[in-house]
Structures are given as structure tokens and as C-alpha cells.
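Undergrad: These are the residues of each chain, in order.
2 protein chains.
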Amino acid sequence: MVFSSALIENAVNEFAKLPGIGKKTALRLVLHLLKQEPGQVENFGEAITRMRKQIQFCKYCHNVSDEEVCSICKAPSRNNGIVCVVESIRDVMAIENTQQFNGKYHVLGGIISPIDGIGPDQLNIYSLVERVKADEIKEVIMAVSPTIEGDTTIYYISKKLKDYPVKVTTIARGIAFGGELEYADEMTLARSLTNRLPLENYLQQGK
Amino acid sequence: MVFSSALIENAVNEFAKLPGIGKKTALRLVLHLLKQEPGQVENFGEAITRMRKQIQFCKYCHNVSDEEVCSICKAPSRNNGIVCVVESIRDVMAIENTQQFNGKYHVLGGIISPIDGIGPDQLNIYSLVERVKADEIKEVIMAVSPTIEGDTTIYYISKKLKDYPVKVTTIARGIAFGGELEYADEMTLARSLTNRLPLENYLQQGK
Ligand SMILES: [Zn+2]
Ligand SMILES: [Zn+2]
Chain A
1 MVFSSALIEN
11 AVNEFAKLPG
21 IGKKTALRLV
31 LHLLKQEPGQ
41 VENFGEAITR
51 MRKQIQFCKY
61 CHNVSDEEVC
71 SICKAPSRNN
81 GIVCVVESIR
91 DVMAIENTQQ
101 FNGKYHVLGG
111 IISPIDGIGP
121 DQLNIYSLVE
131 RVKADEIKEV
141 IMAVSPTIEG
151 DTTIYYISKK
161 LKDYPVKVTT
171 IARGIAFGGE
181 LEYADEMTLA
191 RSLTNRLPLE
201 NYLQQGK
Chain B
1 MVFSSALIEN
11 AVNEFAKLPG
21 IGKKTALRLV
31 LHLLKQEPGQ
41 VENFGEAITR
51 MRKQIQFCKY
61 CHNVSDEEVC
71 SICKAPSRNN
81 GIVCVVESIR
91 DVMAIENTQQ
101 FNGKYHVLGG
111 IISPIDGIGP
121 DQLNIYSLVE
131 RVKADEIKEV
141 IMAVSPTIEG
151 DTTIYYISKK
161 LKDYPVKVTT
171 IARGIAFGGE
181 LEYADEMTLA
191 RSLTNRLPLE
201 NYLQQGK
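In order, the protein sequences belong to chains A and B.
For the record, in the first sequence the residue sitting at position 180 is 180 according to the UniProt record's numbering, with numbers rising by one throughout.
For the record, in the second sequence the residue sitting at position 70 is 70 according to the UniProt record's numbering, with numbers rising by one throughout.
For reference, chain A alone in the conformation it holds in the complex (with noise of 0.2 Å):
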């Protein structure tokens, strides 16, 4: 691609460093931002910078947060006795979009995936436990992806916790085998994390 304007083509290459937007698309999007106001274009390079500049994740649950501690674990309505452990943020948003579940979370930040060299010590167990220990955690909910590094993940996990006080229970499976929990549709999310088992039934399942 030809730039008569370095402005423009730096826009352009920024817009295509973005997964899934090629030259063409990145393109489009500048000349789109080229008819806008200059303070609504400057909103939207301000709220990108900012965004990543402030976030910060929730010293509790891992979840992004703009502040030390994230309002779903400063909320004084949700439920402190219930956790449900997810592998990333993005299923915080999904369970919270189906406005079923009124716990409170923990990010893993991934899953237990040997093949690709992640290990329990580079995801958040550690505190998932210190959290057990500490809290008054009555029930933890395993609402992993149901694939094989799922079911270790939930496996290692379980194993941590099986000396305290605590039910782990995982989401039924209204999700299909190997299928991607973000990608669940809000209804059969809410109905799985309704109808979540004891992990004993889990494992029986499996069998």
C-alpha cells in the first residue's frame, strides 16, 4: 500500500496489528475516523490508552479491575461463600451476562495445559487457596471449559482444596464436550451453573 501521508499510514499499521483486521479493514476504519470530529477520535485513542495505562487486576480474584480491589468482590450484595473459578476474564463476562450467579470469582488465567507448557504454578491456584483458607468459602465452583485439560485442571484443584472445609462442585454439562464455555449461549450457561454437581457426580460421569 502507497501513503502520500505518514499520519494516515501509521494509523493504518497500528489498525492492522490488531487480530482479524487486515491492511484493507485497517483502511476503512482510518478513513472512517478521518470524518469524525478530532474530540471524538481523541475520546477514542484517550479511552484505548487509558484503558491499558489504569487497569488493574483485583488483588482477590484476578479479575480486571479499575481499581486495587474489583467491584464484584467489593459488592456487599454478592454472596462471599460461593467462588466460581474460571480460566479467564472474558468468562467472568459471560457468566455475569447471564445475571444468574451472585458469588464471586477467581481468574485462573488459563488452564492446566501441559502440551502447551502451562503448569499450576503459572495460573492463579496458589490464591484460589489462600482464599479458602482464609475466607468463609463455602462452595467452590469449577466452571472451567469441559475439555481434558479441563477435567486436570479441576483435578489438580480439587486435590489443593480436599483438606478444608469446602464443597467443590463443577457446572453441569448443558455445555458440550470440548466445547469453548465463552462461547455458550447466556441460557445454557445460567441453566449449568444452576444445575452444577458435587464433584463426586462429575468424576462418576466421566466414567
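Keep in mind the hints are simulated off the structure, nothing from the lab.
Treat the hints with care, as some may be off.
Copies of one chain are not kept apart here, so a pair can be met inside one copy or by any two copies together.
Said to hold, decoys possible - Heads up, simulated DSS-like pairs for lysine-lysine below, C-alpha to C-alpha not over 27 Å straight-line:
#1 59 <-> 35
#2 59 <-> 159
#3 53 <-> 17
#4 35 <-> 23
#5 74 <-> 35
#6 24 <-> 133
#7 35 <-> 17
#8 53 <-> 162
#9 160 <-> 24
#10 24 <-> 35
#11 59 <-> 133
#12 162 <-> 59
#13 74 <-> 138
#14 138 <-> 160
#15 35 <-> 133
#16 167 <-> 133
#17 167 <-> 53
#18 159 <-> 35
#19 167 <-> 23
Put chain B with the ligands on the given structure of chain A with help from the hints.
TA: Below, chain B with the ligands without anything else, positioned relative to chain A:
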């Protein structure tokens, strides 16, 4: 969509204002940026803001420019005697990409389209006539889309230029009638520039 961070919600909403970007895609892009270094994301945000704030429109050809006069108008290697008239900045880029044209441009900023309420006065036609008057322009190539509106625009401009010693040509109809110039492949576009016609021939073709 439920967000636990206003920073993220704001960034997602800004992305979702872009054409063709829905909320889900916007979230995917924001979560991608979240994984990048803050400095990199700042570069992105600033490239966008700076682009819109600092961009100018060339005082001669109305192309986007980083300065008062664009890099094409300023280039001493380019032929002053030949001006290619296009509808938009995108068309300049499409033709520049062919690397087959060594003259200058004139960006109309649209096309005469009574149905859309766009008359000659809303377009950069007056400044084109002024350039023809003042400069040593020997040829004006009309490289507008081969549509009814394009033909109307060609006809209108050719009438405005008829008293000046300038040859008006049109790009060859390599592009299907009704097709949009900017979507033509580079080969077709390059060839249609090389095989451009004097306006008389073009008007006869239509009969
Ligand atoms: Zn939190
Ligand atoms: Zn120029």
C-alpha cells in the same frame, strides 16, 4: 454486556462505534490490547488521535497530507502537466498502488449526485478550474467511477474546462459499468489509466 470495569466498558464502546465492529468483536480487540505492553497500546491510541488532529488537506489537490502541500504535489519528479481527477482519497491510494501514474491528482470529495443532494458546489470543482487556469496543465484525466453520477460529473467538469487549452480524457472502461473504482484490481486500474480515452471517444462509446 455486563462489565466489571468502566475502563474496559469505555474502550469496548469506543471500538463498537467503528463501522463493521460489533460489541463482541470490540471486546475481543480490547482483550487483545489488554495483553499488550502499555507502551505499545499507547502508541496505538496516540497514532489515532494524532492522525485526526494533525491531518491536513492539500491546498492544491485536496488529498490528505501531513503538511499544507501534500507529498505528491511537492514531488519534483512528478509531471505537473497531467492531473488525475478522482472522487476520494481512497481512489488516490488505489491509483498510487498501481505505480503507473506519475502526474498529480485532484480530489473532488465526492461525485455529483442530485439524489443524495450533492451538487457541483459541494465538490472541489472550482479549485480544479483554478488550477487549470493557473498551471501548465495539459491533460485532465477523469478517473471517476463509471456510473451515471460519474458520467454527470465528467460532463459537468468538461463543460467548465472547455474554454481552456486542456485535453480532457477518461480512464478506459476496463472497469465494469456500475463498478466502484476503488475495488478494481491494480492491473485493471493500471491498464485503464494507460488506455485512457479523449472525452469525445468516451461520449461516443456510450451511444
Ligand atoms: Zn475481585
Ligand atoms: Zn496535493
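Undergrad: Please go over all the hints and tell whether each is borne out by the structure.
TA: Here's how the hints hold up against the structure:
1. Proximity of residue 59 to residue 35 under the C-alpha cut-off of 27 Å is restricted to the inter-copy arrangement: shortest distance 18 Å between copies versus 42 Å within a copy.
2. For the homomeric pair residue 59 and residue 159, the shortest alpha-carbon distance inside one copy (24 Å) is at most 27 Å, but the shortest distance between copies (72 Å) is not.
3. Proximity of residue 53 to residue 17 under the C-alpha cut-off of 27 Å is found in both arrangements, the shortest distances being 19 Å within a copy and 22 Å between copies.
4. For the homomeric pair residue 35 and residue 23, the shortest alpha-carbon distances inside one copy (19 Å) and between copies (22 Å) are both at most 27 Å.
5. In the homo-oligomer, the alpha carbons of residue 74 and residue 35 lie at most 27 Å apart only across protomers (25 Å), although the nearest pairing inside one protomer, at 42 Å, exceeds that limit.
6. Taking the closest pair of Cα atoms, residue 24 and residue 133 never come within 27 Å of each other, the shortest separation being 53 Å inside a single copy and 37 Å across copies.
7. For a Cα distance limit of 27 Å, the shortest separation of residue 35 from residue 17 qualifies both inside one copy, at 22 Å, and across copies, at 13 Å.
8. Taking the closest pair of Cα atoms, residue 53 and residue 162 never come within 27 Å of each other, the shortest separation being 39 Å inside a single copy and 59 Å across copies.
9. Taking CA atoms no more than 27 Å apart as the test, residue 160 paired with residue 24 passes in neither setting, with 50 Å inside one copy and 35 Å between copies.
10. Taking identical chains as interchangeable, the C-alpha atoms of residue 24 and residue 35 lie at most 27 Å apart whether they share a chain (17 Å) or sit on different chains (24 Å).
11. For the homomeric pair residue 59 and residue 133, the shortest alpha-carbon distance inside one copy (16 Å) is at most 27 Å, but the shortest distance between copies (70 Å) is not.
12. In this assembly of identical chains, residue 162 and residue 59 lie within 27 Å of each other by CA distance solely inside one copy; the values are 24 Å within and 75 Å between copies.
13. In this assembly of identical chains, residue 74 and residue 138 lie within 27 Å of each other by CA distance solely inside one copy; the values are 18 Å within and 73 Å between copies.
14. Only within a single protomer do residue 138 and residue 160 lie at most 27 Å apart by alpha-carbon distance; the minimum there is 15 Å, versus 83 Å between protomers.
15. In this homomeric assembly, residue 35 and residue 133 never come within 27 Å of each other (Cα to Cα): the closest approach is 56 Å inside a single copy and 30 Å across copies.
16. Taking the closest pair of Cα atoms, residue 167 and residue 133 come within 27 Å of each other only inside a single copy of the chain (13 Å); across copies the shortest separation is 86 Å, beyond that limit.
17. Within a single copy, residue 167 and residue 53 get their C-alpha atoms no closer than 38 Å, and across copies no closer than 57 Å, so neither meets the 27 Å cut-off.
18. Within a single copy, residue 159 and residue 35 get their C-alpha atoms no closer than 58 Å, and across copies no closer than 31 Å, so neither meets the 27 Å cut-off.
19. For a Cα distance limit of 27 Å, the shortest separation of residue 167 from residue 23 qualifies neither inside one copy, at 51 Å, nor across copies, at 36 Å.
The earlier numbered hints that this structure contradicts are 6, 8, 9, 15, 17, 18, 19.
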